[in-house]
Amino acid sequence: MVEVNLHGRQPQTVVNLRRVEELREWSYRPTQQTITIGSAVPYSVMETGKIAELVPALAQAARTVGSPQIRAAGTLGGNLGTCSPAGDSLPVLSALNAVIHLIGPQGTRDIPWEEFMLGVKKNALNSGEFVHSITVPVVQGWQGYAKVGTRNAMVIATASACLVRDADEGLISIALGSVGPTIIRCSQAEKWLLKTTSLRVGAQINADLAVEFGRRVSDEATPIDDHRSTAAYRRHCVAILAQRLLVRSLA
Numbered sequence: 000m001v002e003v004n005l006h007g008r009q010p011q012t013v014v015n016l017r018r019v020e021e022l023r024e025w026s027y028r029p030t031q032q033t034i035t036i037g038s039a040v041p042y043s044v045m046e047t048g049k050i051a052e053l054v055p056a057l058a059q060a061a062r063t064v065g066s067p068q069i070r071a072a073g074t075l076g077g078n079l080g081t082c083s084p085a086g087d088s089l090p091v092l093s094a095l096n097a098v099i100h101l102i103g104p105q106g107t108r109d110i111p112w113e114e115f116m117l118g119v120k121k122n123a124l125n126s127g128e129f130v131h132s133i134t135v136p137v138v139q140g141w142q143g144y145a146k147v148g149t150r151n152a153m154v155i156a157t158a159s160a161c162l163v164r165d166a167d168e169g170l171i172s173i174a175l176g177s178v179g180p181t182i183i184r185c186s187q188a189e190k191w192l193l194k195t196t197s198l199r200v201g202a203q204i205n206a207d208l209a210v211e212f213g214r215r216v217s218d219e220a221t222p223i224d225d226h227r228s229t230a231a232y233r234r235h236c237v238a239i240l241a242q243r244l245l246v247r248s249l250a
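Residue numbers are given in numbering that gives the first Met the number 0: position 229 of the sequence shown equals residue 228, and the series is strictly consecutive.
In case anyone wonders, no lab produced these hints; they're calculated from the structure. Quick caveat: nothing in here was measured; it's all calculated off a predicted structure. Do not take every clue at face value.
[To be verified] In the SDA-like style, the derived pairs of lysine to any residue whose C-alpha atoms are separated by at most 20 Å in a straight line are:
hint, residue 1, residue 2
1, K49, G7
2, K194, R227
3, K49, W141
4, K121, R8
5, K194, V210
6, K49, G73
7, K121, G77
8, K49, T30
9, K194, D218
10, K121, G179
11, K190, N96
12, K49, Q32
13, K120, P180
14, K121, S83
15, K190, D165
16, K49, R23
17, K194, G169
18, K120, R227
19, K194, L170
20, K121, T81
21, K120, G7
Kindly produce the complete structure, drawing on both the sequences and the hints.
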């Protein structure tokens with residue numbers, strides 16, 4: 000509807016999926032340690048309660064979306080359908096290695112996050128397909144989301160980041176938003192950190208290492224200058240966000 004209201008798109012047909020109950024459901028599978036969230040579950044449901052308990056980074060991202068009215072209507076399906084690099088939930092889905100479940104005329108298919116977002120507002124949906132639900136793992140460890148904008152609320156991200164630390168496996172993942180044509184998964188910074196230090200339960204980290212991690216993360220960003228910010232400021236932002244998230248994950 001944003002495209003219709005602001006950018007002049009005139010689709011012949013608009014289908015409202017909001018009342019499809021199946022898309023407004025979510026489920027937790029304790030044996031598999033996964034949670035599946037329907038594409039029409041609103042952000043307001045993710046802010047608190049069981050979803051927030053199981054996927055804290057998603058709850059943190061949900062709380063930054065617009066106003067309470069927008070969070071009552073906005074959904075993961077909306078972020079995935081739009082596929083803007085500034086979508087608040089998308090770095091979380093990337094860092095958690097989400098699987099996107101699609102339905103269309105040819106049936107159903109599952110697609111990993113890294114194959115779903117193809118570019119700015121471009122995704123892997125075929126004609127007639129829509130997002131049914133999203134599955135993410137329930138990670139035993141710390142996870143967090145943070146973003147920078149031109150003000151403290153109701154703002155599109157100038158830069159954002161999600162960091163997930165799996166303390167049991169000693170793994171870490173970090174994904175960036177608003178600093179490239181897609182969500183950027185910082186695989187090189189992740190590999191460097193895993194080689195440099197232990198990330199298992201009880202691990203500690205010094206300040207210099209955190210700063211270097213932030214620098215390496217920013218090196219993987221591909222920001223641009225636009226009406227919201229400069230590329231240089233965005234690169235600075237993700238370095239600081241990565242540094243802070245890493246320190247918090249080990250506090």
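Hints, verified against the model:
About 39 Å separates the Cα atoms of K49 and G7, which puts this hinted pair outside 20 Å; it is violated. The hinted pair formed by K194 and R227 fails the criterion: a straight-line CA distance of about 36 Å is larger than 20 Å. The straight-line distance between the Cα atoms of K49 and W141 is roughly 16 Å, inside the 20 Å bound, and the hint therefore holds. Between K121 and R8 the CA atoms are separated by roughly 16 Å; this keeps the pair inside 20 Å, and the hint holds.
The hinted pair formed by K194 and V210 meets the criterion: a straight-line CA distance of about 16 Å does not exceed 20 Å. Pair hint K49 plus G73 holds up; C-alpha atoms about 19 Å apart against a cutoff of 20 Å. For the hint linking K121 to G77, the alpha-carbon distance of about 13 Å falls within 20 Å, and the restraint holds. Proposed proximity of K49 and T30 is supported: the alpha carbons are some 16 Å apart, at most 20 Å.
Restraint check for K194 and D218: the C-alpha separation of about 18 Å stays at or below 20 Å, so the hint holds. Among the hinted pairs, K121 with G179 is consistent with the structure: their alpha-carbon atoms are about 13 Å apart, no more than 20 Å. Restraint check for K190 and N96: satisfied, since their Cα atoms lie roughly 16 Å apart, inside the 20 Å limit. With a C-alpha separation of about 13 Å, the suggested pair K49 and Q32 falls inside the 20 Å cut-off, and the hint holds.
For the suggested pair K120 and P180, the alpha carbons sit about 9 Å apart, so the restraint of at most 20 Å is met. For the hint linking K121 to S83, the alpha-carbon distance of about 8 Å falls within 20 Å, and the restraint holds. For the proposed pair K190 and D165, the alpha carbon gap of about 14 Å is at most 20 Å, so the pair holds. Of the supplied pair hints, the one linking K49 and R23 holds, its CA atoms being roughly 15 Å apart against a limit of 20 Å.
Between K194 and G169 the alpha-carbon distance is near 11 Å, which keeps this suggested pair within the 20 Å criterion. Between K120 and R227 the alpha-carbon distance is near 18 Å, which keeps this suggested pair within the 20 Å criterion. Restraint check for K194 and L170: satisfied, since their Cα atoms lie roughly 11 Å apart, inside the 20 Å limit. At most 20 Å may separate the alpha-carbon atoms for a hinted pair to count; K121 and T81 meet this at roughly 8 Å.
The suggested pairing of K120 with G7 holds, with an alpha-carbon distance near 16 Å, which does not exceed 20 Å.
Hints 1, 2, counting from the list given before, are not met by this structure.
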